[in-house]
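Letter by letter, the chains look like this.
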Amino acid sequence: GAGVSQSPRYKVAKRGQDVALRCDPISGHVSLFWYQQALGQGPEFLTYFQNEAQLDKSGLPSDRFFAERPEGSVSTLKIQRTQQEDSAVYLCASRGPRGANVLTFGAGSRLTVL
Amino acid sequence: TQLLEQSPQFLSIQEGENLTVYCNSSSVFSSLQWYRQEPGEGPVLLVTVVTGGEVKKLKRLTFQFGDARKDSSLHITAAQPGDTGLYLCAGNTNAGKSTFGDGTTLTVKP
Chain A
782 GAGVSQSPRY KVAKRGQDVA LRCDPISGHV SLFWYQQALG QGPEFLTYFQ NEAQLDKSGL
842 PSDRFFAERP EGSVSTLKIQ RTQQEDSAVY LCASRGPRGA NVLTFGAGSR LTVL
Chain B
68 TQLLEQSPQF LSIQEGENLT VYCNSSSVFS SLQWYRQEPG EGPVLLVTVV TGGEVKKLKR
128 LTFQFGDARK DSSLHITAAQ PGDTGLYLCA GNTNAGKSTF GDGTTLTVKP
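First to last, the protein sequences are chains A and B. All residue numbers for the first sequence refer to my numbering, where the first residue is 782 and numbers rise by one. All residue numbers for the second sequence refer to my numbering, where the first residue is 68 and numbers rise by one.
Hint data in this document are derived by calculation from the structure and do not stem from the laboratory. Warning: the hint list may mix true and false statements.
[Stated by the list, open to error] Taking lysine to any residue and the SDA-like style, the derived pairs with C-alpha atoms no more than 20 Å apart in a straight line are:
hint: 1; chain 1: B; residue 1: Lys126; chain 2: B; residue 2: Lys164
hint: 2; chain 1: B; residue 1: Lys164; chain 2: A; residue 2: Pro878
hint: 3; chain 1: A; residue 1: Lys838; chain 2: B; residue 2: Leu70
hint: 4; chain 1: B; residue 1: Lys164; chain 2: A; residue 2: Gln865
Model the full assembly from the supplied sequences, consistent with the hints where possible.
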């Protein structure tokens, strides 16, 4: 596609439920990033993939957070046993050719945990 | 931990006024970027600055990278309501990871 597509755009979950957020990056983009943006704050790094390899997951807040990109294209961020503090916008970004450090973001998935 | 501090946090001005927002860090970055984010959307890249002391202009927007590559400023001339949004700076490392500040929320009133 022409841009980064994320789904669902909005998700309401009850505390304790599992959620899965999907990201379709720009076709051919090797690098994919997940960020978490709480209300009134800037995006915070969660994890980074290069193709199917997860090269950095240092930003994942707990072992309830898990991300995968099995075929090096679509990525899924899974949050198990959601808690209220997980409420945020989850942004996905993909990056083009090496040397051009330009992130293209999707519109985000807004998660509200009740 | 590399932290980027942006100031002011909020700025509300009248159409036609000039403004400057700042992005400061104690760390050196290989490059620094400015993004604008509108409600319900992801951040959109405005500019990348790489060289210390670099100045880039984008229509009414002027971006400056500090000599030591630790800080940056964004100046908007004759602001318009369409400039309203959240302005984020992001510092990049050689590893390609971007660290964002918390942004400046700009409101331009007609």
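Right, here's what the structure says about each hint:
no. : hint                : verdict
1   : B/Lys126 - B/Lys164 : 28 Å, violated
2   : B/Lys164 - A/Pro878 : 15 Å, holds
3   : A/Lys838 - B/Leu70  : 19 Å, holds
4   : B/Lys164 - A/Gln865 : 28 Å, violated
Violated hints for the displayed structure, listed by number in ascending order: 1 and 4.
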